[in-house]
Amino acid sequence: MRSLSRHLTTVAALAMAAGLVAALTAPPDQLQGNLQRLMYVHVPAAWLAYFSFAITFGASAGWLWKRTVRLDRLAAASAEVGVFFTGLTIVLGSVWGKPVWGVWWTWDPRLVTTALMFFVYLGYLALRRATADPTVRARRAAVFGVLAFAQVPVVHMSVIWWRALHQPPTVLKPGDPSIDHWMLAVLMLNVLAFTAVYAVLLRSRIRLAADEDAFEAAQDAATNDLAGAAVTAPDYGRKAGHGV
Amino acid sequence: MSPPRAGAPGPLEQALEITRKDLRLEARAGEALLVTAPFGAVALLLVPLAVGTDVPLLRSVGSGMYWVVVLLFGVLVTFRQSGVDAPPQVELLRLTGIHPAVQLLGRAGANAVLLLAFELAVLPVAVIVYDPPLHGWPWLLPVLPGVAIGLAVLGTLAGALTQGLAGRTTLGPLLVVPLALPLLLAATQSTEATRYGRTPWNWLALLALVDLVAALAVVLSARSLEEGS
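Chains as they are written, first to last, in the working numbering: chain V, 1 to 244; chain H, 245 to 473.
Keep in mind that the hints were calculated from the coordinates and are not lab data. Here the structure is a predicted model, which is why all the values come from computation and not from measurement. Watch out, some of these pointers could steer you wrong.
[To be verified] Selected chain V positions facing chain H (in silico; Cβ < 8 Å): (1) L116; (2) G123; (3) F144; (4) R163.
Even for Gly, the Cβ is constructed at its ideal location relative to N, Cα and C.
Model the full assembly from the supplied sequences, consistent with the hints where possible.
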């Protein structure tokens, strides 16, 4: 297991390096030039955010069914990583938007719904932090983790339901992707690299959660008095010693 | 849940009784209408001072500001102190054998009534301060209760999720407000549609859909939430 873990980190690092090289050597966009290269980070981050929240949804539904602590840890870890990727998506989109659209932020439905998705899952994490009892926390977070996922299809479909500034889907749509095939290959390589990074982050966070649980259990065991501890047992041996 | 005995109140009567209980508590406390509604009115007064007292600008943003205040302060109504049950009350309700979904829907009913009252209390302030165009006002008749019901159900659900938590009054709104965006959109776009002479059926359908989905979420998650409390 430990060797597999080392390999996963190495694979993620190599994939990220390959993705970076491919993104820098891919042909520039005819209109946007090198600015378009941000797409190789922005789009994978957005897709991984969707994926993370889908895992949270599945693990939350699974927890409500099976009630296993591993599913709760998986849901929480994936939500944390998803929030990170959503934040990255918003920031990178903003960095790209300033030179191309002329503004850091615009009232485009895709931007607004993505920001709301970010806050919905921040709420999920806040709910987890606010609940001390592990079982209550898992149950409430599982219910909210299922409900919160309703936001994800709204974000994806926002560019179709409300045609505004943000471009409609070019890959995740029926039919041939409306993107140059070389660029598509580079994009897919970066999606793979981001997926590997997601797996590394997810695994690290799950391990940390397990360690936190073990630490809390050890603390509880150390501080909790045993039943009957208030009653002092008579020390016959010492009395006998005094008597001698 | 065991089948009710002959003569025992049905789920609807139980829910109505819980609604009545919550409204009676609120009548004693007067928190929603005597505290939160004036606070919402103050917010409506402050906005023009912040953005400038340009009358045409205020006329155009007045309707939107009203709905933002309804959304943000309405969440406070659903999280009012009198809506918080002490642990013995929760235990007692549980022992009565009332299904958790009925309990939550009863509370949502009370919240919806209070929110509607809140909307009606703040509406004249928005009309006086902002002087928004009032043609198409009859469409408010379905929109006001539609928003009240949706927000009440979402607020009740968030209340159940945060029951007993120290930061429930701040955490609850964080959970509700982003999910209530479709309500805000439906309310503001209905007003906008009537301003341009269109009938806002699509937005009313969205409002009804959100209300229905939220109620369904309450019914489906109620049992799990009761176990977790």
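Hint check results:
no., hint, verdict
1, L116, "holds (4 Å)"
2, G123, "holds (4 Å)"
3, F144, "holds (6 Å)"
4, R163, "violated (16 Å)"
Consistency with the previously given hints fails for number 4 only.
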